[in-house]
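Novice: Spelled out, the chains give:
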Amino acid sequence: MKIIIVGCGKIGSVLVSNLVAEGHDVTAIDSDPTVINELTNIYDVIGVSGNGVDCDILAEAGVAEAELFAAVTGSDEFNMLSCYIARKMGAKQTLARIRNPEYNDSSLAFLRQHLDLSMPINPERLAARELFHVLRLPSAANVETFSMRNFEMVELKLKSDSALDGLSLIDLRQKYPQKFLVCVVQRGEEVIIPDGNFVLKSGDKVGLTATPAELHKLLKNLGLLKKQARNVMILGASKTAYYLAKALITAGNAVKIIEKNAARCEEFSEKLPDAVIIHGDGAQQELLLEEGLKSMDAFVALTGMDEQNILMSYFAQAQNVPKVIAKVNRDEFAPMAEHLGLDTLVSPRRTVANIIVRYARALENSRDSSVETLYKLMDGKAEALEFIVHNDCELVDIQLKDLPLKSNILIAGIFRNKKILIPAGDDHIAVGDKVVILTTGHRINNLSDILK
Amino acid sequence: MNHKMVFRTVGKIVLAEAAMLLLPTFVSLLYGENCIWSFLITIAVALVIGGALVLGLRPKDKVIYAKEGFVIVALAWLSLSLIGALPFTISGEIPSYIDAVFETVSGFTTTGASILTDVESMSYGLLFWRSFTHWVGGMGVLVFAMAIIPDFSDRSIHILRAEVPGPTVGKLVPRMKDTAKILYLIYIVMTVTEIILLLCGGMPLFDSVVHSMGTAGTGGFGVKADSIGGYSPYLQWVIGIFMLLFGINFNLYYLLLIRQFKPVFKSGELWAYIGIATAAVILICVNIWPLYEEFSEVLRQSFFQVSSILTTTGYSTTDFNQWPDFSKAILLLLMCIGGCAGSTAGGIKVSRVVMIFKQIGSELQHMLHPRSVKVVHFEGKKVDQQTLHGVGVYLMIYVLCLAAVTLVVSLDPFGLETNLSAAMACFNNIGPGLGIVGPAGSYAAYSDLSKATLTFAMLFGRLEIFPMLLFFSPATWSKKG
Chain A
1 MKIIIVGCGK IGSVLVSNLV AEGHDVTAID SDPTVINELT NIYDVIGVSG NGVDCDILAE
61 AGVAEAELFA AVTGSDEFNM LSCYIARKMG AKQTLARIRN PEYNDSSLAF LRQHLDLSMP
121 INPERLAARE LFHVLRLPSA ANVETFSMRN FEMVELKLKS DSALDGLSLI DLRQKYPQKF
181 LVCVVQRGEE VIIPDGNFVL KSGDKVGLTA TPAELHKLLK NLGLLKKQAR NVMILGASKT
241 AYYLAKALIT AGNAVKIIEK NAARCEEFSE KLPDAVIIHG DGAQQELLLE EGLKSMDAFV
301 ALTGMDEQNI LMSYFAQAQN VPKVIAKVNR DEFAPMAEHL GLDTLVSPRR TVANIIVRYA
361 RALENSRDSS VETLYKLMDG KAEALEFIVH NDCELVDIQL KDLPLKSNIL IAGIFRNKKI
421 LIPAGDDHIA VGDKVVILTT GHRINNLSDI LK
Chain B
1 MNHKMVFRTV GKIVLAEAAM LLLPTFVSLL YGENCIWSFL ITIAVALVIG GALVLGLRPK
61 DKVIYAKEGF VIVALAWLSL SLIGALPFTI SGEIPSYIDA VFETVSGFTT TGASILTDVE
121 SMSYGLLFWR SFTHWVGGMG VLVFAMAIIP DFSDRSIHIL RAEVPGPTVG KLVPRMKDTA
181 KILYLIYIVM TVTEIILLLC GGMPLFDSVV HSMGTAGTGG FGVKADSIGG YSPYLQWVIG
241 IFMLLFGINF NLYYLLLIRQ FKPVFKSGEL WAYIGIATAA VILICVNIWP LYEEFSEVLR
301 QSFFQVSSIL TTTGYSTTDF NQWPDFSKAI LLLLMCIGGC AGSTAGGIKV SRVVMIFKQI
361 GSELQHMLHP RSVKVVHFEG KKVDQQTLHG VGVYLMIYVL CLAAVTLVVS LDPFGLETNL
421 SAAMACFNNI GPGLGIVGPA GSYAAYSDLS KATLTFAMLF GRLEIFPMLL FFSPATWSKK
481 G
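Going down the list, the protein sequences come from chains A and B. Quick note: the first sequence uses the numbering used here, first residue 1, plus one each step. Quick note: the second sequence uses the numbering used here, first residue 1, plus one each step.
No wet-lab data here; the hints were simulated from the structure. One or more of the hints may lead you astray.
[Unchecked claim] Listed below are the simulated DSBU-like cross-link pairs for lysine-lysine, each with C-alpha atoms no more than 30 Å apart in a straight line:
#1 A/Lys452 with B/Lys177
#2 B/Lys181 with A/Lys92
#3 A/Lys10 with B/Lys177
#4 A/Lys88 with B/Lys382
#5 B/Lys4 with B/Lys262
#6 A/Lys376 with A/Lys406
#7 B/Lys4 with A/Lys381
#8 B/Lys67 with B/Lys328
#9 A/Lys452 with B/Lys62
Build out the structure end to end from the sequences listed, making use of the hints.
Specialist: Below is the structure:
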């Protein structure tokens, strides 16, 4: 599929790399020739250096044949204009990064309609939503929600004293009677879809699916249950912080925001009257302790600087704050932060890249595959795909244990009659079901692709 | 340096060569020749070497950088030439391996310089192989490999950049593989068109195919001792015009294909190319007028030779050694200019020449008005300082290399005209030079040392110096860097 990306900064370059890996024909536009030069060196793309609002530049990039056009520069207005012109010039779908909160209220629908945008993208808001889900279930390092209600995959990081250390999955089944499924395990750099003989080790990141009630019981049995974060401290009055605080306050939680810049503090106080806004340097440990860091349920570092976020989160973790989250923008820092023992990291640009890749796949799907939705898990190394089972499906009514599945494929959940089924060997797939397939390394376009 | 990735890629190229060798094998089979065995043995050798490299090396780290790109290209060309020379020696038709390598490198680099004294006695299979190397070498062996081999590296732009001639390299479409496919498609269509036109003019099928491949790659290997001289004027015109067409940047053909006529019409390089050709044809016409009787012949001879030398093909319809010195001097200058960037031709390339002249102009203006700011424009765009710098450096190294080659070749006692033109003809991938290496002569008389030097000169010239230079520089292989 032909895709044009305008703006190759932090978000743009991640997008380019993900879309190229998906096999799309990508054209990148950026005003800085050195950025374009660097990008074309690393990825198999065409680069055009110039102004992304200029019709000539857009024509040179072949906007008329573009099936997807995404403007993700740092300027909302630029993105909107660029998308508007691209749409007029014949681009089929346009995505604009619009992150200013002022555009993200009721005016968004108006903008979207009149600019003929396919989808506005707000990285900060998406990151905030992700954070909100994690804070709702603090035991998990990460929570992935699927399109079916009440079906979630939670990622748990096994600490060194974990009760699961050294258990094989068969033992696990016998020891804990709850209905759950270990879908995917990340060990070091490797992502594995485990079978029954797989032995868990401390340090693993484990992806589980279960219904919320069963999950609750399981976590309780494992002694991992942490109470929902009611009392949250946020470092840095960033846009993400705004969206997160708003969501938390609406859900009835207490939020304290610490910010260095007095004007920002004032602005936040005006927009979020229910939050406690503290003017002070968040890098001062004394200040954090004075503001009651030790009694917080959660600490979220959302400043613009990855280094500060990582270090202050490390400090908060040392103060035994139950849930600590750091926003890390640069992918290179993520493994280092995990090395320091920080298990929950949120990266807005990765979130955005996932969403756009998903969007591109969905577009393609309308042509040659039947994937309903796609999720990237475990730093993008595994994928979860949703399918609807049709009449002509060859998998129907066969017990799952008899299906000759390819390696590294797992049926993670079946949704039937508005109920979630965590599949076991004697279950089967029926027509009309919605199925979630988990895979690493395969490109699955149709449900029958999972068979050998 | 990612050695594993380098050798694995080279292994893939060697396997691709084994596939290419199937064609001449088939030709030998068709004509029932004995040299079929030499091809089969060579294919076996290529399969063993390539297979060992590809199967034996499974690099975990698949990333390559500019450095690896250069080394891959240099190493691939060397191994292709060394293996490609085997059929000549095994069949005994060129007994000396050094001579065979010279002939093969001359083929792959689309030079067309030959050490054969009697072309017409060669077997069809080997003649076909010789010309087929022109055809693949013209557009680029690695570009060919990219088009056909699955899962070539993501960063193959580095390889393309190192192999495709010209100061800057542009892709046609986002994906490298598709770009390579489009280039080869245009190339194949043009070659087939030429074959058909030659057949219409009554040239035998084998000759048409060989000459079309020689024209397409701007190579110059033929099947006759007097090159194209013995064919009818119609055939000479067809070959002459097609040589000129293959010297044009292939990106322009792509633009025509997608109906973007404006940029083609406005291409500065194309106009400069046409201008140089026209001026040279007119000057030579005036100069050689007294030698021929009819104007049509004067025009044809002049056009064919200019087209052949400017595009660095090296076919000839007459022995231009007999021409006046002024015409020979013009041809010598055309040798250095070469065709357009992104074509199959050799030489400095028209785009570089144009940029140099523009830079000279801006430098002169700067001397007159020291505070003036003048940006060099080319193809409607600003040329950045780095590209200009690159062009300048290229020209310097070009002259130095040429001087070095001339120096070594001058150990042989054939006179300055012959030696200098031999160095230039090989370095610019033309083929025939002046004096005893002229259209009627061959390189057979040179010593082994000179032949080896000229062989390297051809490779340096085809790959535009840098890949080979980097390959032989210790700093590239040093672990410290």
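Novice: Now tell me, hint by hint, if it's right for this structure.
Specialist: Going through the hints against the structure:
1. A/Lys452 with B/Lys177: holds (29 Å)
2. B/Lys181 with A/Lys92: holds (27 Å)
3. A/Lys10 with B/Lys177: holds (27 Å)
4. A/Lys88 with B/Lys382: holds (29 Å)
5. B/Lys4 with B/Lys262: Given that 30 Å is the threshold and the Cα spacing comes to 45 Å, the pair is violated.
6. A/Lys376 with A/Lys406: holds (19 Å)
7. B/Lys4 with A/Lys381: Roughly 25 Å separates the two Cα atoms, so the pair holds.
8. B/Lys67 with B/Lys328: violated (40 Å)
9. A/Lys452 with B/Lys62: It holds: about 28 Å lies between the C-alpha atoms, which stays within 30 Å.
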